[in-house]
Every structure is written in C-alpha cells, then in structure tokens.
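> In case you want the letters, here they are:
2 protein chains.
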Amino acid sequence: MGPGPSGAHPRVLRAMTAPLLGHLDPEFLRIMDECRVMLRQVLRTENAVTIATPGTGTSGMEAAVMNLVEPGDNVVIGVCGYFGDRIVQMAERAGGNVTRVDAAWGSPVDPAEMQKAIAASGQVKLVGIVHAETSTGVMTPPEPIAKLAKEAGALMLVDCVTSLGGVPVEADAWGADVVYSGTQKCLSAPPGVAPVTFSPAAWAKVRAREVPSNTWYLDMSLLEAYWDERRSYHHTAPISMVYALHQALSLVLEEGLEQRWARHERNGRALQAGLEAMGLGLHADEGYRLPVLTTVKIPEGVNDGEVRGALLKRHSIEVGGGLGDLKGKVWRVGLMGESSTEGNVLLFLSALGRIVAEQGVQLDVKAGIATASERLRGQEA
Amino acid sequence: MGPGPSGAHPRVLRAMTAPLLGHLDPEFLRIMDECRVMLRQVLRTENAVTIATPGTGTSGMEAAVMNLVEPGDNVVIGVCGYFGDRIVQMAERAGGNVTRVDAAWGSPVDPAEMQKAIAASGQVKLVGIVHAETSTGVMTPPEPIAKLAKEAGALMLVDCVTSLGGVPVEADAWGADVVYSGTQKCLSAPPGVAPVTFSPAAWAKVRAREVPSNTWYLDMSLLEAYWDERRSYHHTAPISMVYALHQALSLVLEEGLEQRWARHERNGRALQAGLEAMGLGLHADEGYRLPVLTTVKIPEGVNDGEVRGALLKRHSIEVGGGLGDLKGKVWRVGLMGESSTEGNVLLFLSALGRIVAEQGVQLDVKAGIATASERLRGQEA
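Residue numbers (this note's numbering), protein chains in the order written: chain A, 1 to 381; chain B, 1 to 381.
Read the hints as simulated data drawn from the structure, not as lab findings. Given the structure is predicted, the values throughout are model-derived calculations rather than measurements. Any given hint could turn out to be false.
Just so you know, same-sequence chains aren't split out, so a pair can sit in one copy or run between any two.
Unchecked claim - Straight-line Cα separation of at most 16 angstroms, EDC-like style, residue types lysine to aspartate or glutamate; simulated pairs:
{"no.": "1", "residue 1": "K150", "residue 2": "D172"}
{"no.": "2", "residue 1": "K297", "residue 2": "E255"}
{"no.": "3", "residue 1": "K313", "residue 2": "E27"}
{"no.": "4", "residue 1": "K116", "residue 2": "D172"}
{"no.": "5", "residue 1": "K297", "residue 2": "D285"}
{"no.": "6", "residue 1": "K297", "residue 2": "D325"}
{"no.": "7", "residue 1": "K329", "residue 2": "E306"}
{"no.": "8", "residue 1": "K297", "residue 2": "E276"}
{"no.": "9", "residue 1": "K297", "residue 2": "E286"}
{"no.": "10", "residue 1": "K313", "residue 2": "D25"}
Make the full structure from the sequences, and use the hints.
Structural data, given as structure tokens:
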C-alpha cells in the first residue's frame, strides 16, 4: 500500500517464468504486437506510435522529454510536486528554455497560471503536467491545460505514471500529444517497462529533429523502428517484463477499464472518508484528491518512522513517507491495481488506529471503519 | 543458442515470482547490497561504484558513455563490429570528438592502430573497445589497449556484454576504468538490468563534470546515490529483475568463476572443432574466437532464413543471423550460461547437418560429431 510498486497478480508473476524467447522470435514479436494493441486501449488512443520503453516509469519520462525537447525550445511545465520538478530537470538537460509554473504541494496546477506563462514565453513548443502527482496525492485535470497548449500551437505532455489503469486516462480525448506511464502502479506489473504514446503531431516533431536526441538508449526513432514492422534491432527487449506487461494489460481489459476505475474510486474514497472520520486530516485539496494515492497528515506527537516500521513489521503493510518538503509531514497510502481492495481499506484503518494509539494519540477507529464500510457498500456516510 | 538472451536457470525464473517489495524496503536494500558484492566478485574489481543500471545491456553502455564523455572530449574507439560502432554513436551524442579505429569484421581491434590514433588525437580522455563482439564472434584482448590508454592519461572503457560470466573478465587486472555488461548472455538472467562498474579515476571524472550528463535516467551520480548508503530515491528499481540478477550471480559464484570459464571454453571449442570437421568455415580470425559466440560461414547455395526457420521450428533452436555487412553470410551460434552444455553442442551439429543436407549441401556430420565429442571428453582431435 505504498506509492508503488503495488502487488502483482499471480498470473503476472507466473508469466515471467516462461522460457526466454529471442527478441526477434516470431512468438515474441506477436506478444509485442498484442501489447501495442492493448496499450492503445488502456491509454485510450489511436496513436500508431505506442510502445513500452525498456526501463522503469522514469524511462518513459526521459523518452518523452528527451525526444520532444530540442535545444532552444520554449517549454512550460506545471509543477505541483516532486515529479513535475523532475520533468523540468530533464527538459533543461535536453536544452529547453523551461518556464516552471509552481503550485503548492497539495494543490493542482492552475490553468490560469499556465495560460499566463504560455503567453509570456513566446512560441512555446511543449507544455507539460503530471496528471497524478505521486508525491502529493493530487490530480491535475489535463484537459483545460491541453486546450491552452493547442491554442498556443504547442504539444501537450501528460505524465500518467500513477493514474494509468486506476483513474480515467483519455489520451486522445484530452488532446494530449505524449503520455507515458509506469507498470508498477495501477497496472500492477513489476517495474521495468514504461508505456509511452506519441500523437502524430508529436511524432512529426521527433521525425523533424535536426540533431538526434540526447539519449541513444531511449531514442524513440530507434525504439519505434524495433516495435513496428521494420523490427530493426536496437536493444534486447526486457523479455520477461514484456511477458508481465502483456498479462497485466490482459487483466485490465478483462476487468474492464470503467469497472477498474470504479473499483479504485470506491476503495479510495472509502479510505479517505474513513481516515477523516477517524480524526485524521488529508493533505490534498478537496476535489483534486487521487483515489489511488492518499496523503494523510501525520498527527502532532506521532513518530513517522516508527508508525511506518510497525505497519511493515506487524502487518506487512508498506506506506510511503513524504518526499521533499512533505518529509515527516504526511504518509502516502496507495490503493493501486491489485492492492486496491476493500480488505486493504479496512485493514489499514484498523492497523493505523492501533499503532497511532500506542504513541498516545487516540483516533476514533470505530467511526473510521463504520464510515469506510458504508462507503464500500455504496452508501454515503 | 542465439546471441542472447540465453536460457535462464529455473532458480532465476522462480526468483521473479517473489512478491514485489518496495524499492526502499530494508529486505530489498539487503538484496541490492548483496548484488553489489557479487557483481564486484564477478567483474573482478574492488571498485566501490558497482551497480546494475535499470535497463538492458545497452543501458549499461549508455550509462558508461554518457557519464564519462563530456562535450569536447577526445575519444578513441576501436570498432571491429556492430557494438563498437554503437559506442561511437553514443560518444558523438555525448559531444565527444570521436576518432574511430576500424578493424575488419572478423578481426580484433589492433593495438598498433589504436596507438597511432591515440598519438594523433591530442589529449585523449577516453579509449574504448568491445571485449567480445557479439556481431562477429571476435574477442579483442583489452589489456594491451588499456596500457596504451593509461600511458596517454586516458580512461579505458571495456564493453563486456557478451563476455561477463563466460570468458575471463578482469576489470582491475586489465586496468579498465569502466566496464559494463548485460544479464542475458553468460549470466543467464533475463534482460532488464546491466552491471556497470566505475574505477576511482573514472568516478572522479564523473564527479568533476561541469555540465550534468545528457541523461537523467542513467545519470550515474543519481544512480549511485540510490545504490549506496544514501538511498536517495531516483527511480523505482526493476524489483523482479534485481531478484533475478541476485539469483543469477549466486549461481555463477556457486559454480565458481574459473570452472564456469572452463565450461564455456570446452563447449565452445568443441562446437568450433565440430563445425570445421563437418566442412564449415568459421568467420572469426583464429586465436580471437569467442567460445561463447561462434560465427559460422553460410555455405554457398544454402538459404539463411530457411535454415534458421527450420532449426527454430523443428528443434526449438534459435541462432542469430548476421548483422550489417554479415547479413546472409554468417550464423551466430551462442553457447552462453545455461545454454552452454555438451548436449546443445551435439544437438546443434546434428540438426544443422540434417537441415543443410535438405538444401542439397552435404556436410560430414559424423566427423563433426566425433570431433566435438573428443573435444568434450578433453582429447584433442
């Protein structure tokens, strides 16, 4: 129940024990092709250029940023947490002139502030935000910002590492030009490959580059030439991880995307209502809280590390600590993919209440459990 | 029996089914620490900075090149195949002034040519070669070239993707400053992480960089800060791949490095002697042939694709085709890690002889098998 990796389905783990096929074996190429089809379904896109990069979620970010940003490009990035800041760092390494639009850690990126920054930046080539900020538990709606990008003639980048497969991601309907994600969050596969999609407009910019991207390993032109019918050798695909991705995507589609979103929504809101009913505060602004990752304020007088240690040792529950300025101030509780279950909601509330009580802070665990249970049964508290 | 991925031991595959620990979970950190210790043993190095990068073998190459080469650095790369050329491409993207020293595809890099190029290049910062060229089956001895690099005050890079765990790799004894490898060759783990080691001198250059490396995902300063006791979050480690690496390294050390080298040597030489006794030619120069990867000349009148297709379909044997100029001219036959067995040597000779005969070219399979068998029993033919 941390901010990822989430638990994997037994079918996903079992898939990795299959014998290693060659990276150009016809059977393996078939698996890759099926992954492409399923990735498009899960990302809700028609983009031809839809692949999984050979690395963890951050490799998806690097592939997106390093391929799209050319030296001297004006770039506007909305930053409301740790991962927005990371996009800025990468865009700077790619040679971009980056304007960052900061929001408080706990609030979403403000479209009005983005609009001002875009207007002040001359010809903007790329606008970017993080859909689901894993550091704060905040969701920034991409659509209004994608609209601003389009009006300015810029491409729109959306980081969906923590949202894909858990909350609605609609790459095409949003008007997003590049979307990337990880596998170890709501897709519930091990970390090791990263879904990435480029719109035709984004792809045209990549194809028109005058200097190649900074990175050879994550050069999208080379990666796509392996993933598409050219099958040009670039790297030895992380075979077992592709098997895992294939199973994980199959499981998502068997459950149904909408049903899966509803499950995450129900469990996440039940947890949040339960925590508040117990007397705890939530860090993220109301209305922008992710159901898949909840940031809980650590009450006064409670030791962050001791509580997380006891949860792990006594209940095998991992939760994340705060990153950056939020260190020691919040816990980050994930309900992602396989880990998003009613049982986990109730177990967590009960375990947390008991451990916090041992530190001398009494919470109303009974009210928390009752409230969460009502929500789980679909009744408003 | 292709050029990789090789087959994995059941213990390695099973390791990947373990539940996903968090990337900062104390138990996972212990596994990482043990990997570091074992990687140093397998690489024969005392280098503190020894990690596995979160990607396939090419990610190790990118981490080595992009971190060591700074814009304007003079770099001399020996190229005797596809992968040497790849180092050149990366070093150019990193902004290096690259001098390439070519050798014929089938011969090793010539130290005398390297010496000339180093002398002609002004202050050289980095010299690089591929120890085991997977495209040609050729081994270039690193030690004489490392000595030249040292005399010129340059750092020495050695690509050991295909050699590590199969033929002697002696990072420190060679005087190599940066060595990287993959897991899917002679270590017999799935592709997905890449061993990398930096000497103190190489690390000093990385630490003294004035501009950060081109890559954020494979920035060694950030990666090392996660792998060492600082445990600074950088990426979500490819957890299952690290489990697999841990088991694979354990298996290497249980077998014993010297014993493992001897096994690869015995099986590889038996295959090569058997192929020659059958009447086939070997592409790589005698004296520089890798035991772990053999390039066999395709006889006149034999269809490359049909033979490889029949081997795969009827015997589940994958062999590689030629890369670049060698396309259609050679087969690349791997005997790496778990795939380096006596049974595979004999099966391959027998299957290949039969399939080639169907194309109207008769080989002396009996002589090939007899010669290989004698070699396997330790007798010279």
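> Run every hint past the structure and note whether it holds.
Against the structure, the hints:
1. When the C-alpha separation of K150 and D172 is checked against a cutoff of 16 angstroms, the pair qualifies only within one copy, where the shortest distance is 13 angstroms, while the shortest distance between copies is 55 angstroms.
2. In this assembly of identical chains, K297 and E255 lie within 16 angstroms of each other by CA distance neither inside one copy nor across copies; the values are 33 angstroms within and 51 angstroms between.
3. Taking CA atoms no more than 16 angstroms apart as the test, K313 paired with E27 passes between copies only; the shortest distance there is 11 angstroms, against 43 angstroms inside one copy.
4. In the homo-oligomer, the alpha carbons of K116 and D172 never lie at most 16 angstroms apart, since the shortest distance is 25 angstroms inside one protomer and 56 angstroms across protomers.
5. For the homomeric pair K297 and D285, the shortest alpha-carbon distance inside one copy (12 angstroms) is at most 16 angstroms, but the shortest distance between copies (68 angstroms) is not.
6. For the homomeric pair K297 and D325, the shortest alpha-carbon distance inside one copy (13 angstroms) is at most 16 angstroms, but the shortest distance between copies (62 angstroms) is not.
7. With identical chains, the CA atoms of K329 and E306 are at most 16 angstroms apart within one copy only, with a shortest distance of 13 angstroms there and 64 angstroms across copies.
8. In this homomeric assembly, K297 and E276 come within 16 angstroms of each other (Cα to Cα) only inside a single copy, at 10 angstroms, whereas the closest approach across copies is 72 angstroms.
9. For a Cα distance limit of 16 angstroms, the shortest separation of K297 from E286 inside one copy, 14 angstroms, qualifies, whereas the shortest one across copies, 69 angstroms, does not.
10. Taking identical chains as interchangeable, the C-alpha atoms of K313 and D25 lie at most 16 angstroms apart only when they sit on different chains, with a minimum of 11 angstroms there against 44 angstroms within one chain.
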